[in-house]
Amino acid sequence: MSELLKMTATQARKSLLKREISSVELLNAYQTAMEKTEALNNYVTPTLEVAKEMAIKADKTYAKGNAGLLAGLPIGVKDLFCTKDIETTACSAILKGFFPPYESTVTSNVWKSGGVMLGKLNCDEFAMGSSNETSIFGPAINPWSKIDGSDLSSGGSSGGSASSVAAGAALMSLGTDTGGSIRQPAAFCGVVGLKPTYGRCSRWGIVAFASSLDQAGPFTRTVEDSALIFSAMAGHDQKDSTSASLETPNFSEAVNSGIEGLRIGIPAEYYVDGMDTDILNLWKKGRAWLEQAGAKVVDISLPHTKYALPCYYIIAPAEASSNLARYDGVKYGKRIEKESLDAMYEATRADGFGEEVQRRILIGTYALSAGYYDAYYLKAQQVRRLIKEDFDKAFNDVDVILTPTTPTAAFPIGAEIVDPITMYLNDVFTVPANLAGLPGISVPAGLSEQGLPLGLQLLAPSFREDRIFSAASAIEKQAEFSLAPVRAAGDLQ
Amino acid sequence: MSVDKHVVKKIARLARISVSEEKSETFSADLGNILNWIEQLKEVNTDGVEPLSGVNEHALVWREDNITDGEITDKVLKNAPETAGEFFVVPKVIE
Chain D
4 MSELLKMTAT QARKSLLKRE ISSVELLNAY QTAMEKTEAL NNYVTPTLEV
54 AKEMAIKADK TYAKGNAGLL AGLPIGVKDL FCTKDIETTA CSAILKGFFP
104 PYESTVTSNV WKSGGVMLGK LNCDEFAMGS SNETSIFGPA INPWSKIDGS
154 DLSSGGSSGG SASSVAAGAA LMSLGTDTGG SIRQPAAFCG VVGLKPTYGR
204 CSRWGIVAFA SSLDQAGPFT RTVEDSALIF SAMAGHDQKD STSASLETPN
254 FSEAVNSGIE GLRIGIPAEY YVDGMDTDIL NLWKKGRAWL EQAGAKVVDI
304 SLPHTKYALP CYYIIAPAEA SSNLARYDGV KYGKRIEKES LDAMYEATRA
354 DGFGEEVQRR ILIGTYALSA GYYDAYYLKA QQVRRLIKED FDKAFNDVDV
404 ILTPTTPTAA FPIGAEIVDP ITMYLNDVFT VPANLAGLPG ISVPAGLSEQ
454 GLPLGLQLLA PSFREDRIFS AASAIEKQAE FSLAPVRAAG DLQ
Chain B
682 MSVDKHVVKK IARLARISVS EEKSETFSAD LGNILNWIEQ LKEVNTDGVE
732 PLSGVNEHAL VWREDNITDG EITDKVLKNA PETAGEFFVV PKVIE
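Line order of the protein sequences matches chains D and B. Heads up: the first sequence begins at 4 in this note's numbering, then just goes up one per residue. Heads up: the second sequence begins at 682 in this note's numbering, then just goes up one per residue.
Since the hints were derived computationally from the structure, they do not count as laboratory data. Each residue gets a CB set at the ideal place from its N, CA and C atoms; glycine is no exception. It is possible that part of the hints are untrue.
Heads up, simulated DSBU-like pairs for lysine-lysine below, C-alpha to C-alpha not over 35 Å straight-line [what the hints assert, rightly or not]:
1) 691(B) - 337(D)
2) 63(D) - 87(D)
3) 773(B) - 756(B)
4) 60(D) - 39(D)
5) 756(B) - 60(D)
6) 759(B) - 115(D)
7) 691(B) - 334(D)
8) 759(B) - 99(D)
9) 337(D) - 690(B)
10) 288(D) - 9(D)
11) 704(B) - 337(D)
12) 242(D) - 63(D)
13) 723(B) - 704(B)
14) 723(B) - 287(D)
15) 67(D) - 17(D)
16) 756(B) - 115(D)
17) 773(B) - 690(B)
18) 334(D) - 686(B)
19) 341(D) - 759(B)
20) 341(D) - 756(B)
21) 704(B) - 99(D)
22) 87(D) - 115(D)
23) 39(D) - 63(D)
24) 149(D) - 39(D)
25) 759(B) - 242(D)
26) 756(B) - 55(D)
27) 309(D) - 480(D)
28) 17(D) - 242(D)
29) 480(D) - 21(D)
30) 67(D) - 242(D)
31) 341(D) - 691(B)
32) 99(D) - 337(D)
33) 341(D) - 87(D)
34) 21(D) - 63(D)
35) 756(B) - 334(D)
36) 723(B) - 391(D)
Footprint (simulated), chain D over chain B, 3 or more residues, beta carbon under 8 Å [as the list claims (entries may be wrong)]:
37) 704 to 715
38) 722 to 731
39) 740 to 747
40) 753 to 759
Required output: the full structure, derived from the provided sequences and hints.
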């Protein structure tokens with residue numbers, strides 16, 4: 004079993020193709036790993052019976068020689084993706100007991116490629132949070148620990164997706180990223196997290212948070228694995244009018260294509276107050292690594308960076324307040340019975356939504372209300388355009404942008420939830436890519452003085468994930484990051 | 682800038698979320714702080730800047746106007762807290 008957990012997805016696929024291992028054996032190893040790491044609170048709904056059927060089916064495809072790209076690979080799914088007849092809650096009380104009669108396009112693509120579903124993973128309620136602490140199930144815990152052994156946040160909102168991969172309790176996982184919800188937890192847990200270009204993956208069947216920003220993406224141990232699963236997830240979907248009708252290139256080729264001559268931009272505005280020295284040093288190292296691999300480093304400016312977070316905290320809540328209007332106690336989920344319809348709505352939503360979700364709905368409603376619309380919502384949309392134009396200009400001179408993923412390493416559970424704005428600042432480096440619709444990746448690149456993982460972020464122009472994979476692979480090779488959290492299910496390397 | 686309790690209650694009413702007296706005080710402080718922090722957007726000169734509502738630059742794809750789904754009343758109703766026949770049930774809205 005220990006040898007099975009050590010395999011990356013790419014290695015496991017090779018062994019499965021050679022019939023050295025079976026999908027069922029691999030699943031059994033991950034089932035044991037899930038049991039061992041139960042205290043991390045990653046899985047909110049394990050689906051091992053479904054997994055078993057899928058693994059048996061995958062083995063049959065290997066026997067027949069028609070195995071899909073992900074056949075037999077054990078994959079966890081953020082509880083924000085609708086999965087047919089499997090409870091989908093968005094980790095909110097208001098959706099408890101919701102069993103979707105349909106499957107999201109992205110998960111459907113993954114199962115069509117032969118992926119094996121381990122279960123639904125913990126996240127912040129409706130993906131609103133940066134620490135997984137707003138989940139109705141309690142926080143997913145980071146498998147890494149500080150020297151004092153206190154429980155650390157897995158990050159969020161896709162905390163369970165990041166933690167499960169880092170702990171060896173999922174070989175790969177699916178998450179969503181609206182303002183950093185894949186990249187930040189990936190950095191905190193020491194795994195690779197990709198937010199694809201807006202439009203690359205279908206949003207159909209994903210519980211909506213902020214529709215102009217949401218995008219699905221994978222968590223993996225390596226860049227190569229990221230390209231593998233992403234190739235299966237992506238693609239045009241008629242059911243999502245914002246999904247791009249573009250061919251999905253073979254991203255695996257990009258991983259090893261090298262970065263000779265690639266121009267890397269370092270944005271001056273990403274040096275912010277309160278950034279850990281460890282992170283500053285790692286950023287410098289990243290720059291040097293890319294230069295050594297043949298890239299050319301250029302200093303660039305993204306002048307409106309500072310305004311990305313406040314801009315995001317108008318746009319995302321505004322879209323959320325509209326999207327979450329559907330939870331009304333009528334069509335699905337929870338209802339608190341009252342005499343009148345309005346009283347029923349108000350009681351249901353007060354009881355069903357957690358505090359952070361209510362706060363964001365209120366901010367959004369305020370920003371969209373008569374008299375404030377121009378001052379807040381319209382202003383934020385104008386700033387959004389300026390932020391996007393900053394990137395457009397920068398990408399005239401560079402091919403890829405290198406930044407840290409987060410301003411700090413993982414923080415202890417409970418440390419930042421006291422003040423909403425402190426929590427929001429976690430996303431300072433990740434939010435701009437969502438506003439501009441750009442692809443971004445977080446690659447684990449080193450450890451802090453406290454022994455916690457740190458990530459570097461790479462951004463590219465829309466639909467140029469290939470460049471991200473090439474550059475991320477160069478960093479990965481030189482960083483030689485070792486995924487060895489103390490609370491992992493076993494040795495992962 | 683502050684958001685007083687009455688404003689919080691008004692927004693909460695628009696959003697159909699009931700807030701207790703105590704909650705409206707917490708939200709009043711939180712929303713005030715968050716909006717104060719957001720005020721910095723005012724520093725940005727946005728004269729003549731076209732608002733950006735989404736990054737999708739591809740023209741929407743046309744398709745035939747065919748029925749692709751339907752006849753799934755049972756599925757649509759399956760998750761509802763209360764149904765009767767082919768309908769969702771809500772509290773009485775007509776006097």
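Structure-based check of each hint:
1. 691(B) - 337(D): holds (24 Å)
2. 63(D) - 87(D): holds (23 Å)
3. 773(B) - 756(B): Judged against 35 Å, a Cα distance of about 24 Å means the pair holds.
4. 60(D) - 39(D): holds (26 Å)
5. 756(B) - 60(D): Since the Cα atoms of residue 756(B) and residue 60(D) sit roughly 27 Å apart, the hinted pair holds (cutoff 35 Å).
6. 759(B) - 115(D): Distance ~26 Å between residue 759(B) and residue 115(D) Cα, so the pair holds.
7. 691(B) - 334(D): holds (26 Å)
8. 759(B) - 99(D): Given pair residue 759(B), residue 99(D) holds - Cα atoms ~14 Å apart, limit 35 Å.
9. 337(D) - 690(B): Roughly 23 Å separates the two Cα atoms, so the pair holds.
10. 288(D) - 9(D): Holds, at roughly 27 Å.
11. 704(B) - 337(D): It holds: about 21 Å lies between the C-alpha atoms, which stays within 35 Å.
12. 242(D) - 63(D): holds (31 Å)
13. 723(B) - 704(B): The given pair, whose Cα atoms are some 29 Å apart, holds under the 35 Å limit.
14. 723(B) - 287(D): holds (33 Å)
15. 67(D) - 17(D): holds (16 Å)
16. 756(B) - 115(D): holds (23 Å)
17. 773(B) - 690(B): holds (25 Å)
18. 334(D) - 686(B): holds (31 Å)
19. 341(D) - 759(B): holds (22 Å)
20. 341(D) - 756(B): holds (26 Å)
21. 704(B) - 99(D): holds (24 Å)
22. 87(D) - 115(D): Holds - the C-alpha atoms of residue 115(D) and residue 87(D) are around 14 Å apart, at most 35 Å.
23. 39(D) - 63(D): OK: residue 39(D) and residue 63(D) at ~29 Å, within 35 Å.
24. 149(D) - 39(D): holds (20 Å)
25. 759(B) - 242(D): The given pair, whose Cα atoms are some 22 Å apart, holds under the 35 Å limit.
26. 756(B) - 55(D): With Cα atoms ~26 Å apart, residue 756(B) and residue 55(D) stay inside 35 Å; holds.
27. 309(D) - 480(D): Judged against 35 Å, a Cα distance of about 32 Å means the pair holds.
28. 17(D) - 242(D): Answer holds: residue 17(D) to residue 242(D) is near 34 Å, not above 35 Å.
29. 480(D) - 21(D): The hint holds at about 26 Å.
30. 67(D) - 242(D): This hinted pair holds, its Cα atoms lying about 32 Å apart.
31. 341(D) - 691(B): holds (20 Å)
32. 99(D) - 337(D): Given pair residue 99(D), residue 337(D) holds - Cα atoms ~7 Å apart, limit 35 Å.
33. 341(D) - 87(D): holds (31 Å)
34. 21(D) - 63(D): Given pair residue 21(D), residue 63(D) holds - Cα atoms ~14 Å apart, limit 35 Å.
35. 756(B) - 334(D): It holds: about 11 Å lies between the C-alpha atoms, which stays within 35 Å.
36. 723(B) - 391(D): Judged against 35 Å, a Cα distance of about 18 Å means the pair holds.
37. 704 to 715: holds (count 5)
38. 722 to 731: Coverage by chain D holds for the segment 722 to 731 of chain B (7 residues, Cβ < 8 Å).
39. 740 to 747: holds (count 3)
40. 753 to 759: holds (count 4)
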